[in-house]
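**Student:** Below, each chain spelled out in residue letters.
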Amino acid sequence: MHVRPLFDFVLRTGRRNWPGILLLCLVTHLSTRSFAQESPYIVTYDHYLEEPGNLEVEYFSTFGTQRGGNDFHAFWMEFEYGATAWWTTEFYLDGQTTFSDSTVFTGFRFENRLRLLPREHIVNPVLYIEYENTSAADKILKEVESHDVESDYLEPNGEARRDHDHELEMKLLLSSTFKGWNVALNPIFTKNLLPSEPWEFGYALGASRPLALKATPNHCNLCPENFIAGVEMYGGLGDAQSPGLHETSHYLAPVLAWNLPSDWTFRLSSGFGLNDNSHRLLLRWGVSREFAGFGEMVKHLFGGHL
Amino acid sequence: MRQPAISSRGRCVGWLERGCLTAIALCVAVSPLTAQKNENAMRKRQHNVYAALESAPSAARARKNPMEGHAREAEAGGKLFDQHCADCHGRKAGGTRRGPSLLVEPVEQASPGTLFWILTNGVVWHGMPVWSKLPEPERWQIVTFLESLRSNSKTTTSSGDIGSR
Chain U
1 MHVRPLFDFV
11 LRTGRRNWPG
21 ILLLCLVTHL
31 STRSFAQESP
41 YIVTYDHYLE
51 EPGNLEVEYF
61 STFGTQRGGN
71 DFHAFWMEFE
81 YGATAWWTTE
91 FYLDGQTTFS
101 DSTVFTGFRF
111 ENRLRLLPRE
121 HIVNPVLYIE
131 YENTSAADKI
141 LKEVESHDVE
151 SDYLEPNGEA
161 RRDHDHELEM
171 KLLLSSTFKG
181 WNVALNPIFT
191 KNLLPSEPWE
201 FGYALGASRP
211 LALKATPNHC
221 NLCPENFIAG
231 VEMYGGLGDA
241 QSPGLHETSH
251 YLAPVLAWNL
261 PSDWTFRLSS
271 GFGLNDNSHR
281 LLLRWGVSRE
291 FAGFGEMVKH
301 LFGGHL
Chain A
307 MRQPAISSRG
317 RCVGWLERGC
327 LTAIALCVAV
337 SPLTAQKNEN
347 AMRKRQHNVY
357 AALESAPSAA
367 RARKNPMEGH
377 AREAEAGGKL
387 FDQHCADCHG
397 RKAGGTRRGP
407 SLLVEPVEQA
417 SPGTLFWILT
427 NGVVWHGMPV
437 WSKLPEPERW
447 QIVTFLESLR
457 SNSKTTTSSG
467 DIGSR
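Chains as they are written, first to last, in my numbering: chain U, 1 to 306; chain A, 307 to 471.
Calculated directly from the structure, the hints in this document are not laboratory data.
Hints may be right or wrong, so weigh each one.
[As the list claims (entries may be wrong)] Below 27 Å or equal to it, Euclidean Cα-Cα: the simulated DSS-like pairs (lysine-lysine) are:
(1) U:Lys-214 x A:Lys-398
(2) U:Lys-214 x A:Lys-439
(3) A:Lys-398 x A:Lys-439
(4) U:Lys-299 x A:Lys-370
(5) A:Lys-370 x A:Lys-350
(6) A:Lys-370 x U:Lys-179
(7) A:Lys-398 x U:Lys-299
(8) U:Lys-191 x U:Lys-214
(9) A:Lys-350 x U:Lys-214
(10) A:Lys-439 x U:Lys-179
(11) A:Lys-439 x A:Lys-370
(12) A:Lys-398 x A:Lys-350
[Unchecked claim] Covered stretches of chain A, going by a simulated chain U footprint (3 or more residues, C-beta under 8 Å):
(13) 407-419
(14) 443-452
[To be verified] Derived coverage of chain U by chain A (criterion: at least 3 residues anywhere in the stretch with Cβ under 8 Å from a Cβ of chain A; other residues may be distant):
(15) 153-164
(16) 234-245
(17) 268-278
The C-beta atom is built at its ideal place from N, Cα and C for all residues, glycine as well.
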């Protein structure tokens with residue numbers, strides 16, 4: 001385990017991400033509270049959308065090891081808004097620090113999730129559509145697809161950031177909840193907007209369960225019902241020209257979410273590479289807060305005329 | 307007497323002022339209409355949510371609450387209601403601008419199975435999300451809490467303390 005870089009990254013995170021932390025603190029004081037019941041997944045999506053009118057502000061970090069190069073710390077901010085009970089829209093800002101190299105802003109993403117069926121079924125489909133405008137220096141590894149392998153991330157930031165990708169990504173989020181267990185499967189289809197680039201494929205799947213299925217009457221931080229544990233697996237499946245598992249990377253990650261009654265959610269995930277093409281370790285953590293009635297608050301700012 | 311010359315910048319500011327005043331006047335004139343429209347939309351949405359109670363399948367309606375009458379489960383359900391439902395339905399379930407009151411006849415007359423079904427499936431096209439992410443026992447705890455509100459309202463109607471916890 002690379003202890004020194006991990007220590008460095010903790011120090012750098014605090015110093016370089018102060019605008020994000022400041023923004024989070026500011027928004028904290030602008031809206032009412034809402035207890036979130038967030039899933040522990042970081043890569044996989046289940047079929048639950050943001051509650052209508054609520055805003056969730058999230059910060060995530062990924063510490064990744066890199067063979068033959070410098071380890072990195074990638075980070076992103078998410079602003080997730082429940083437009084309706086069947087439509088959630090989300091905006092991401094990505095960045096990364098490569099140790100002994102530099103810190104760079106790597107782009108933005110705009111994502112929409114649309115629930116397709118009005119009621120619960122055994123399997124619940126949600127359509128996911130995302131536009132990405134990111135540079136090749138992006139290392140958040142929010143999804144792994146195509147023939148993405150560890151050696152792709154060796155390029156120094158100065159060169160990688162010159163290469164920009166405009167991608168349209170689609171996922172079909174399939175998810176089911178039974179007896180407290182959630183099982184989710186996300187097939188991924190990505191198209192670089194350059195006509196010469198082929199469709200790329202990937203997958204993410206996950207299973208999770210709260211540590212207790214019944215709530216206790218008292219308010220508590222450490223009650224087992226506040227914790228949700230699970231596991232997720234994700235990787236690439238090649239592209240339209242060469243589909244399959246050759247030259248692809250895959251990860252298995254135990255995940256844990258801690259939903260605090262004080263509106264905050266913490267997530268932790270330790271992803272282990274499953275083959276030689278994968279990073280050995282992707283250690284991820286995230287913190288988020290949900291703000292109920294954000295939409296109403298904005299409406300009031302405009303005199304209720306939105 | 308000679309009039310002072312008005313600069314082009316001054317004319318611009320004048321137009322800007324007039325434009326702003328016109329926009330404000332329009333907003334003021336239109337606001338009661340918009341407010342009325344919003345109010346009507348909210349009432350329609352609430353009506354649709356109540357109407358959804360009727361669409362519960364008969365098997366779902368007939369389900370019994372396994373926690374019925376358990377004070378401890380009702381208390382836990384109250385905590386869950388406060389955490390997940392109160393933002394829209396109000397802390398005393400009396401409704402807010404975001405969600406309808408649960409202290410009305412259609413809800414009070416609904417069977418526990420119907421309430422459980424609505425919690426599980428939501429009324430997605432009319433603003434209520436699905437709550438199946440809460441485990442089944444937690445959803446029954448919320449139903450138990452809602453049932454306890456009914457019995458409270460029956461015993462306290464005369465004092466006007468409907469729905470208090």
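**Student:** Next pair to validate is Lys-370 (chain A) with Lys-179 (chain U); report whether the Cα-Cα distance is within 27 Å.
**Tutor:** holds (17 Å)
**Student:** Checking one constraint from the list: CA of Lys-398 (chain A) to CA of Lys-350 (chain A), max 27 Å. Satisfied?
**Tutor:** holds (22 Å)
**Student:** Tell me if the straight-line CA distance from Lys-398 (chain A) to Lys-439 (chain A) falls inside 27 Å.
**Tutor:** holds (23 Å)
**Student:** Straight-line Cα separation of Lys-191 (chain U) and Lys-214 (chain U) no greater than 27 Å?
**Tutor:** violated (43 Å)
**Student:** Hinted pair, alpha-carbon criterion (27 Å max): Lys-439 (chain A), Lys-370 (chain A). Please report holds or violated.
**Tutor:** Given that 27 Å is the threshold and the Cα spacing comes to 21 Å, the pair holds.
**Student:** Between the alpha carbons of Lys-299 (chain U) and Lys-370 (chain A), is the straight-line distance 27 Å or under?
**Tutor:** violated (41 Å)
**Student:** Just to make sure I understand the rule, a stretch counts as covered if three or more of its residues have a C-beta closer than 8 Å to a C-beta of the chain. Does the stretch 153-164 of chain U meet that for chain A?
**Tutor:** Violated, because only 0 residues of the stretch 153-164 of chain U bring their Cβ atoms closer than 8 Å to Cβ atoms of chain A.
**Student:** Check the hint pairing Lys-439 (chain A) with Lys-179 (chain U) against an upper bound of 27 Å on the C-alpha distance.
**Tutor:** This hinted pair holds, its Cα atoms lying about 10 Å apart.
**Student:** Three or more residues of the stretch 268-278 of chain U near chain A by CB distance under 8 Å?
**Tutor:** n = 0 at 8 Å, threshold three: violated.
**Student:** With a cut-off of 27 Å on the C-alpha distance, tell me whether Lys-350 (chain A) and Lys-214 (chain U) pass.
**Tutor:** violated (35 Å)
**Student:** Has the stretch 407-419 of chain A got at least three residues whose CB is nearer than 8 Å to a CB belonging to chain U?
**Tutor:** violated (count 0)
**Student:** Keeping to a limit of 27 Å between CA atoms, is the pair of Lys-370 (chain A) and Lys-350 (chain A) held or broken?
**Tutor:** At roughly 31 Å apart (the allowed maximum being 27 Å), Lys-350 (chain A) and Lys-370 (chain A) break the hint.
Going down the numbered hints, you'll see the structure goes against 4, 5, 8, 9, 13, 15, 16 and 17, while the others check out.
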